[in-house]
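Note that the protein sequences, when read in sequence, are chains A and B. Going by my numbering, the first sequence wraps up at 550, each residue one higher than the last. Going by my numbering, the second sequence wraps up at 550, each residue one higher than the last.
Worth flagging that the hints you see were computed from the coordinates, not collected in a lab. It is possible that part of the hints are untrue.
[What the hints assert, rightly or not] Part of the chain B face toward chain A, derived, beta carbon under 7 Å:
hint: 1; residue: Ala202
hint: 2; residue: Thr206
hint: 3; residue: Gln209
hint: 4; residue: Thr259
hint: 5; residue: Pro336
hint: 6; residue: Glu338
hint: 7; residue: Asp339
hint: 8; residue: Tyr413
hint: 9; residue: Leu417
[Claimed, not checked] To give a feel for the contact side, a few chain A residues facing chain B, derived at Cβ under 8 Å:
hint: 10; residue: Thr197
hint: 11; residue: Ser201
hint: 12; residue: Leu203
hint: 13; residue: Ile211
hint: 14; residue: Asp218
hint: 15; residue: Ser221
hint: 16; residue: Ser223
hint: 17; residue: His224
hint: 18; residue: Thr259
hint: 19; residue: Glu260
hint: 20; residue: Trp262
hint: 21; residue: Asp263
hint: 22; residue: Ala292
hint: 23; residue: Ala385
hint: 24; residue: Leu435
hint: 25; residue: Gly505
[Stated by the list, open to error] Distance condition first, Cα-Cα at most 35 Å in a straight line; then the derived DSBU-like pairs of lysine-lysine:
hint: 26; chain 1: A; residue 1: Lys418; chain 2: A; residue 2: Lys212
hint: 27; chain 1: B; residue 1: Lys285; chain 2: A; residue 2: Lys404
hint: 28; chain 1: A; residue 1: Lys212; chain 2: B; residue 2: Lys508
Think of the CB as a built atom: it goes at the ideal place given N, C-alpha and C, for glycine as much as any other residue.
2 protein chains.
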Amino acid sequence: MKNIFFTPGPSALYFTVEQHIKDALKSDIPSISHRSKAYVKMHQETTEVLRELLQLPENFTVGFTSSATEVWDRMSENLIRNHSVHFVNGDFSKKFYTAVSAHEKNADGRIVEAGTHHDLQLAEINSEVELIGLAQNETSTGAAMPVEDINRLRAKYKDPLLVVDAVSSLPIPEFDFNNLDSLYFSVQKSFGLPAGLGVWTFNERCLEKAERLKAEGHYHDSYNSILKIAKMATKHQTTCTPNVLNIYLLGKVAKDMLTKGLDQIRQEAKYKSALLYNLFETHPKLNAFVSEKKFRSQTVGVAEVNGGSETLIQGLAKKGLNIGNGYGEFKNRHIRIASFPTHSKEQIEMLVDEINQLDF
Amino acid sequence: MKNIFFTPGPSALYFTVEQHIKDALKSDIPSISHRSKAYVKMHQETTEVLRELLQLPENFTVGFTSSATEVWDRMSENLIRNHSVHFVNGDFSKKFYTAVSAHEKNADGRIVEAGTHHDLQLAEINSEVELIGLAQNETSTGAAMPVEDINRLRAKYKDPLLVVDAVSSLPIPEFDFNNLDSLYFSVQKSFGLPAGLGVWTFNERCLEKAERLKAEGHYHDSYNSILKIAKMATKHQTTCTPNVLNIYLLGKVAKDMLTKGLDQIRQEAKYKSALLYNLFETHPKLNAFVSEKKFRSQTVGVAEVNGGSETLIQGLAKKGLNIGNGYGEFKNRHIRIASFPTHSKEQIEMLVDEINQLDF
Chain A
191 MKNIFFTPGP SALYFTVEQH IKDALKSDIP SISHRSKAYV KMHQETTEVL RELLQLPENF
251 TVGFTSSATE VWDRMSENLI RNHSVHFVNG DFSKKFYTAV SAHEKNADGR IVEAGTHHDL
311 QLAEINSEVE LIGLAQNETS TGAAMPVEDI NRLRAKYKDP LLVVDAVSSL PIPEFDFNNL
371 DSLYFSVQKS FGLPAGLGVW TFNERCLEKA ERLKAEGHYH DSYNSILKIA KMATKHQTTC
431 TPNVLNIYLL GKVAKDMLTK GLDQIRQEAK YKSALLYNLF ETHPKLNAFV SEKKFRSQTV
491 GVAEVNGGSE TLIQGLAKKG LNIGNGYGEF KNRHIRIASF PTHSKEQIEM LVDEINQLDF
Chain B
191 MKNIFFTPGP SALYFTVEQH IKDALKSDIP SISHRSKAYV KMHQETTEVL RELLQLPENF
251 TVGFTSSATE VWDRMSENLI RNHSVHFVNG DFSKKFYTAV SAHEKNADGR IVEAGTHHDL
311 QLAEINSEVE LIGLAQNETS TGAAMPVEDI NRLRAKYKDP LLVVDAVSSL PIPEFDFNNL
371 DSLYFSVQKS FGLPAGLGVW TFNERCLEKA ERLKAEGHYH DSYNSILKIA KMATKHQTTC
431 TPNVLNIYLL GKVAKDMLTK GLDQIRQEAK YKSALLYNLF ETHPKLNAFV SEKKFRSQTV
491 GVAEVNGGSE TLIQGLAKKG LNIGNGYGEF KNRHIRIASF PTHSKEQIEM LVDEINQLDF
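In isolation and in its complexed conformation, chain A is listed as follows (with noise of 0.2 Å):
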């Protein structure tokens, strides 16, 4: 039996990702130059159909790094001086603060326990505060921002650049990207690529703050810089050589998603989630670790497993279904199960019938 992975990223590859690559590899992507024509091409028809999937307003750039840990370390070098705000619920969220605390600056942790997430309505933000850090779906324990939250504290602060984690959420979320100024993922969460490409999506603001930072003398200028990138933006093209079947691969997969539908996959995102945590809250064995419904994810799901995880991960391995293992602290104890766009609803329904079978 052919294995499925249903960790929460890497996972399963989305289920057109094989043939892209045999596409690829017979029309020579990974052979051309990364400064020629075709693949300035190839690099434009990527982010202009990840534009349209996004809805991404023409005064965004999008952006290419190695990772969404890039990204991190990019913000703290060009996007903040002094002051940051970060609310933290879990090891991802917490992984940007201490970035920018590595830089010397003073990100400002606001903490909540992990698997719940922060009520924005009651967060306070002084006025010195350049940025502020949101992971809207926090992969260590499945607790997710409401998009609507995320807008009403725009609507109350408007001057910090807003920058929002949402590595392995997109495509569900339907983010209004007049109400935050910055916005990254990793591929191969829910967009189901093989890893080692971060998106890194950007406003005016931010360049605007990165110049003044640059002016300033308080700009670490790197070979991927904010405004490095940016300016190879506007020529279709990248700082230095990048993942070139992977700007390709994700082209053709944003792609696929416009095609099947967004409305669907969002409607089999918010089936499959119910699934999910219906088994979580059924199951004797099982509690969703994220009890506010509200901030539960739908793209990962994370369970905590009364006499710890392992016997479960293991029993479901055997059948080739393979599952992530807790976060961190929680390693032994939670199980985190991704329901991404590749995952189909019979997949996951078959997952479900799997665990309630297993005497674990």
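Given the coordinates of chain A, work out where chain B should sit on it, guided by the hints.
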């Protein structure tokens, strides 16, 4: 007719890569977690076979970056407090020099004319210099430094870190790792992989220097700084989700090269480059750009084309034979032809025949 890429990188895939990609897809390589046992095993296999191929001693770490370009920044941030010397003889050696300068350090660029290389015996390095940078194979011009010259430089100057750019020459030159401190390359050139991975090897002297700079507050920390790379490498892992597929492919290709035999690959490299330079010397419209034979690269042959290179490049492209144009200022005046390990003797013979027959 299937296209053949003789471009100097990205270039033709190593002839086994397509099969390895298919195997990787079958064995779920793109879906495994980069923190899983399966990943650790694979990562270790890749670094071990690479060590064997390069004859890399135990005191060297194998680290991964997104590109060789990234390595320039990391060295600037982590290995130099103030003073570096760069032997510049083309655009790529210049880029490292420029990167260090951009980090506001005193980079001393020793610049010789493109198409030549430095007489290292004449080099004078004063005692404050912390790092010497050298492009063993300057991809922009096809000028290469004999390994013996590098060894002699080291014998004369033992204190500064000696770092060698072998981006487009490995595994052809027989480096003596006891006579250098760091060597880096990217995989889309001689190794014939898709782009999106840099390999950075460094010894304990680099780590000691980094530790000292860190202790003194002159170390720019980032997610992929040298000490973090080294720490994760001891666990056969990376600092963030890497290009897992490429790390897998690198191990497979390095193993294929070992199976074929490095002696054989090096013999073929000599033969293929002899064919190319013979063409450049005998064809009435071509002249080898590197006139001094000692400095001629065995992996990237560069020729000036009387009357400009475009007609020749286009004429070959019509036959499915893709060669590189000149780099930078030489764009329309040069051709650059890769004879990497994947390029067979027969392919180079055919290319030479076609060039001899073409009217340009």
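Going through the earlier hints one by one, which of them does the structure break, listed in rising order?
-> Numbers 2, 3, 5, 6, 7, 9, 25, in rising order.
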